[in-house]
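Chains as they are written, first to last, in the working numbering: chain A, 1 to 311; chain B, 312 to 792.
There could be a bad hint or two in this list.
As the list claims (entries may be wrong) - Listed below are the simulated BS3-like cross-link pairs for lysine-lysine, each with C-alpha atoms no more than 25 Å apart in a straight line: (1) LYS367/B x LYS397/B; (2) LYS205/A x LYS633/B; (3) LYS397/B x LYS205/A; (4) LYS599/B x LYS115/A; (5) LYS668/B x LYS622/B; (6) LYS441/B x LYS415/B; (7) LYS665/B x LYS205/A; (8) LYS689/B x LYS710/B; (9) LYS530/B x LYS565/B; (10) LYS633/B x LYS115/A; (11) LYS560/B x LYS113/A; (12) LYS426/B x LYS415/B; (13) LYS441/B x LYS397/B; (14) LYS205/A x LYS710/B; (15) LYS560/B x LYS205/A.
Unchecked claim - Chain A residues, not near chain B, derived (Cβ > 10 Å throughout): (16) ILE21; (17) ILE24; (18) PHE32; (19) ILE110; (20) GLY144; (21) SER146; (22) THR150; (23) PHE177; (24) LEU201; (25) LYS205; (26) LEU232; (27) ASN233; (28) VAL266; (29) LEU284; (30) LEU302.
Just so you know, these hints were derived from the structure itself, not from any lab. Even glycine gets a Cβ: it sits at the ideal position worked out from N, Cα and C.
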Amino acid sequence: MKQFVFHNLAKIGPLVGLIFIAIILGILSENFFTLSNILNLFRQVSVNALIAFGMTFVILTAGIDLSVGSILALGSALTAGLLTSGMDPVLAVVVGLLIGFVLGAVNGLIITKGKVAPFIATLATMTVYRGATLVYTDGRPITGLSDSFTFEMIGKGYVFGVPFPAVLMLLIFVLLFFLLHNTVFGRQVYAVGGNEEASTLSGIKADRVKIWVYSLTGMLSVLAGIIITSRLNSAQPTAGSMYELDAIAAVVIGGTSLAGGRGRIVGTLIGALIIGVIDNGLNLLNVSSFYQQIVKGGVILLAVLLDRKSK
Amino acid sequence: MLQNVQLEVRRGEIHALMGENGAGKSTLVKVLTGIHQRDNGVIKINGQEVIFSNPKQAEEKGIIVIHQELNIIPYLTVTQNMFLGKDLTYGKTGILNKKEMRNKTEQNLRRLGVKNIHPDDIAGDLSVGKQQMIEIARALATNAELIVMDEPTAALTDREIKSLFEVVDSLKEQGVSIIYISHRMEEIFEICDRITVLRDGQYIGTENIADTSFQAIVKMMVGRELGERFPERDTMIGDIVLEIENLEKTGLFKNIGFHVKEGEILGVAGLMGAGRTEIMETIFGFRKKDNGMIKMHGEPLSINHPSDAVKAGIGFISEDRKTKGLVIDTSIRKNIALTNLKTISNKGMITQSKEKKLVDELIQRLHIRTTGGEQEVKSLSGGNQQKVVIAKWLGIQPKVLILDEPTRGVDVGAKKEIYTIMNQLTKSGVAIIMISSELPEVLGVSDRIMVIHEGKISDVFKRSEADQEKIMTAATGGVKS
Chain A
1 MKQFVFHNLA KIGPLVGLIF IAIILGILSE NFFTLSNILN LFRQVSVNAL
51 IAFGMTFVIL TAGIDLSVGS ILALGSALTA GLLTSGMDPV LAVVVGLLIG
101 FVLGAVNGLI ITKGKVAPFI ATLATMTVYR GATLVYTDGR PITGLSDSFT
151 FEMIGKGYVF GVPFPAVLML LIFVLLFFLL HNTVFGRQVY AVGGNEEAST
201 LSGIKADRVK IWVYSLTGML SVLAGIIITS RLNSAQPTAG SMYELDAIAA
251 VVIGGTSLAG GRGRIVGTLI GALIIGVIDN GLNLLNVSSF YQQIVKGGVI
301 LLAVLLDRKS K
Chain B
312 MLQNVQLEVR RGEIHALMGE NGAGKSTLVK VLTGIHQRDN GVIKINGQEV
362 IFSNPKQAEE KGIIVIHQEL NIIPYLTVTQ NMFLGKDLTY GKTGILNKKE
412 MRNKTEQNLR RLGVKNIHPD DIAGDLSVGK QQMIEIARAL ATNAELIVMD
462 EPTAALTDRE IKSLFEVVDS LKEQGVSIIY ISHRMEEIFE ICDRITVLRD
512 GQYIGTENIA DTSFQAIVKM MVGRELGERF PERDTMIGDI VLEIENLEKT
562 GLFKNIGFHV KEGEILGVAG LMGAGRTEIM ETIFGFRKKD NGMIKMHGEP
612 LSINHPSDAV KAGIGFISED RKTKGLVIDT SIRKNIALTN LKTISNKGMI
662 TQSKEKKLVD ELIQRLHIRT TGGEQEVKSL SGGNQQKVVI AKWLGIQPKV
712 LILDEPTRGV DVGAKKEIYT IMNQLTKSGV AIIMISSELP EVLGVSDRIM
762 VIHEGKISDV FKRSEADQEK IMTAATGGVK S
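The following block holds chain B by itself, in its conformation from the complex (with noise of 0.2 Å):
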């Protein structure tokens, strides 16, 4: 899986390691911290050579990783989960010296310059940012000397962002050393000194950051130009297809209006937590409105149930695709059938023909990578699975496509790839919807931008007009200048 691979992290730096997925960042993380054994090669910690057959000497000698999903047991307290495993005692009794812990977490909190977390809240109760900065804090409380983030921003807010990094700078100064694992390029650039490419298990390069540039790395990482970032757009857009009236749900959002007409890219911004997922949940019919109206070419609809919408032909593409749009543990083939029960079966009998070429005709037109049908989509890489998903939906032929975070997790060639897709749909004439964080990719795909700022819509731009500082300034409420 990896070979000739070489990473060199100094005391206090701060070191990217990308690569599109599946090139070997997991397992190059998993041989580093003895979750798997090397067949060949040195790893050496201050010039001397270790061994390490488990995670926990690892962490002994300093390494600890941070995952993308958080070890933070909802039900505890910061303080509880600070000590998770290693409990401090009064001696051997095997009587726990709270005191003591709830002073070391303080300190520890207060040493990555955090003050809202207090040792006595439930983890479960704070935001996922804060959730990170316990993890990261308790990596501290065991003196590491190399952490390593898988991912870390993946859901936080903008403003948990800045406070992340924030504390990465504090570590730095610290003289703790970081490795950090990241698809958003934006962020390597702005907060990493040198930078590792990996590419299918081998080693290509390291750049100094401040030497290179977005498309040399994109070239490292992908082995070809990839071209322009975001694919040229020139869809003619047509009449309005769906059209949203006084949207409202009680403590979510209110007061929702806005169209997507044939052929357009509607992009959707906002802070998370601003609402954007809750308003098209509804409109799809996965919560029920407290008030509204949904038009669709002009005539009302009545969506229940997300079977409604899909009847009407809205396909949506949640944000969470392994909990909301994958059953994950099952096949490529019965993934695509889910969406498309109706059209492979002839009196509720399924017609496994027409599945099969359904959904050999959707891994084909969307170059999904895979062995075939049959592979189970857990096992294929984020890029591929959220192919499937988008599969999913192609084949109901819809007129309105919602996608929530479409390139989320994904890599850059991926991304690329999906752009193009909703390109080709656009050029079909379906109204596209897209909710995404990424401000460039919000600039670079839509047509038209609306910004949600707590549950209202607060500005509209046309493409042309938008830039990321007006969106940044609508997404937070600032006042229109």
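Just chain A, same shape as in the assembly (with noise of 0.2 Å):
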């Protein structure tokens, strides 16, 4: 009995933090509870969710994506060249996503192929890839993208009043949700991150799936990116920098183990709200930036700290 109130309670642990830290901004801000500022933090927490959902996948597989910033930047820039030179607008979107993708299967390609730890190799891509932003743009923002309503729409837009971000972001949440549960893919995610050897013993392929998992993380980091950009309307490269941090604050608050093999993508979910509802509802109480940082640490150490023992 008390095994079975204790594991739900690491289940759940994440949901009754976010509760507890909503109420309590509640009772401090009489703003937080607005119906506009709930639209609104949904539409902010949507740029980091997209990143961590990529990364809960990387660190089932026991990975670790420090580059998805620097893909973020690059690949918004790239999708900012190609609407600046006149591409259709839905045509640059899908190829800057392709772009993601191939910056993503690069990582996946040296973790695997190159037999690099995850962290080395995507620490190398990190600055490789920012480099390669800097060149592209010499440094400079990419303005004066496009008018089109369907680019507006990406960033700015609201569909029957909720913005189009958190839109967007539900729906591939409930996506790879059904990814990770239903899918031969997300068990094959979880039995290579629990016992690499034993699931390739099996005849998985072991390397394929974690391609693909960084391919994924890719295509989602240029994703938020393009969401960054259309609400400014340019893309800067400086864009996404330390947006790693945020995403695997967000997975590990979520409840999934760095060790790999154990964790939800609800739990990510949650993190990234309660990520985002710190910064919102110090933001409404005015608390300077510099102790927002001091706050979020906190709560990241006290979410693992409980996560640990309620384990």
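Quick one: dock chain against chain with the hints and give me the complex.
Below, the structure is given as structure tokens:
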């Protein structure tokens, strides 16, 4: 019985934490629980959440991807470049996503075929991709992208009053949830992270699984980047720097084990919301951004400590 | 977990502690060394009652446990490992007295009669057998009076086992008592003086080894007559299924050619490190071959990855089920599903009803004792874990099943069940290749026996022609007589 309670506490822990933090912020700030703020919050969260979804897959395979922020920047810059050259916005976005896919696949190939530890491999590509972005943009923002309705919709649009990025993020969440829990691929992700050797000996192509998760993460990172680009109507060469940390934090707060094989994407969504709620709430309370970092770090630590306790 | 258990060990006695997995041996040891607290009862050392609340206290009173998983840090030297956590220093300065530690290490190794371990060797470079010697020497350094050895021979080669037994004998002469936990009946009869048997947490009895028999002990352990140790084999052997020609992996093995037929069990004997596992892993595509041909029903197979072997209908049960056979932190269901993802899915999507049906069927067919498919495999006994590994492969309906040490760390009852499963499989036409280091098992189960010595096939026997001596001769590279 005790075990049962603890087992489920581990599952709902992040959700309880989210509600707890939200209630406190609700008490402290009367603006917190307004519809417009909640919608705003979801829009703000969508960028980190999308990256963190990919990161969840990567971490489930016992990997890590530090290059997500750089992929975001490079993918966005290239997409912006295509837009300024007059390419059809839909096509430009698709090409941008493919670029993200390829950049992620390169990570995967280095890790699997080159047998480089994910931390090192993506640390290197993080730098390389960022450098490539600076070279391509010459260190300056790319502006004057497109006045097409479609492209503006991605970052600024609303669907029945809900910000489009939030809708997109939730749709992709549902898709990825299904992918992880109901498909052969999802099963393989967990298996490879749980025990790569046993998985390989069971006939699973572990390398292929890993290349796919990094590719997926690359693509989601660029999607997050396109949301930012659309919102700002410009691509910044420094966009997405340090985003890997928020993404990893969301995954970890959500209860996914860095050792791989254990975790849930629902947890990541909640983790991203927790980070978003803290940012948003502290802003409403006019807390300086310096203090915000301390609070955020504290919450990450607390989440992990509580998770440890419940195991 | 334990009830009314009694155990008496005399000075200088080697006392076997036996029982099936889950009988309470480990729990008893944990209570004895203060890891678990007893609810009732008395522990006495030299007539004096003791209460331990942690292993350190037990150690101070001379009780040391040598676990199956050795407590050796591979990057440190033998000396550093010997004095782990109790380094000798010059007074209270915190400066290490390396010379003294090195001398003491040498002394203790000499006391064990071990010659080929140097105090400055890096522990990780030594064989498992030698690492174990370090642990035993460490126990001696703390003036151990009672050493508990948990499955000490599980990972040792025959030669290492021999030297372990010599060490154990010399410890005995020096008045050290030993509680010896093992599943290997032959060993118990070879070196132990008395035996205590537990079953389901209960004390069953203590016997003098000289006055008891294999059958009697098995009966004490399982609570019923088990009958013959190896079930009768009366399988019809058919055509050649798998044929290996001239298989080679530089530095590991070469010139490997053999075949296995429908319904046949081919036993593979040899010393540890002879290359048996490597040969099978290469056939299965887990290692890349440098040369050679693998044929199935006369057709050449191209195997570059285990997935190719699985597709061809080859299953592989690894010798190390925890690291190579199972995803240990997850459920029986997900483990069984791993090899059967194709059968239980449709266009990449898992059909949960199909998965559940397959898993339930296999749990029943193999009599896996569990609360259900959702139970985590790490909470199962060794025998039941092994059955889960076998279940994984039955789902693909293999034509060839390679089993590497299928009964290692498995208790007597479950061993027989595994033999019976193997027999049933061969009856339905499956060809089985079984690597085993236990000679009685190889002789009791196989139809033919292939012996590997230093990466080459040194001999092949029919079951009727083979005996332990012939196999050992071939395995050690001796000349055919």
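Against the structure, the hints come out as follows:
no. : hint                : result
1   : LYS367/B x LYS397/B : 12 Å, holds
2   : LYS205/A x LYS633/B : 20 Å, holds
3   : LYS397/B x LYS205/A : 46 Å, violated
4   : LYS599/B x LYS115/A : 16 Å, holds
5   : LYS668/B x LYS622/B : 22 Å, holds
6   : LYS441/B x LYS415/B : 17 Å, holds
7   : LYS665/B x LYS205/A : 23 Å, holds
8   : LYS689/B x LYS710/B : 29 Å, violated
9   : LYS530/B x LYS565/B : 45 Å, violated
10  : LYS633/B x LYS115/A : 23 Å, holds
11  : LYS560/B x LYS113/A : 21 Å, holds
12  : LYS426/B x LYS415/B : 15 Å, holds
13  : LYS441/B x LYS397/B : 21 Å, holds
14  : LYS205/A x LYS710/B : 21 Å, holds
15  : LYS560/B x LYS205/A : 22 Å, holds
16  : ILE21               : 30 Å, holds
17  : ILE24               : 35 Å, holds
18  : PHE32               : 39 Å, holds
19  : ILE110              : 20 Å, holds
20  : GLY144              : 43 Å, holds
21  : SER146              : 36 Å, holds
22  : THR150              : 31 Å, holds
23  : PHE177              : 13 Å, holds
24  : LEU201              : 6 Å, violated
25  : LYS205              : 6 Å, violated
26  : LEU232              : 38 Å, holds
27  : ASN233              : 39 Å, holds
28  : VAL266              : 18 Å, holds
29  : LEU284              : 41 Å, holds
30  : LEU302              : 25 Å, holds
Comparing the model with each numbered hint stated earlier shows that hints 3, 8, 9, 24 and 25 do not hold.
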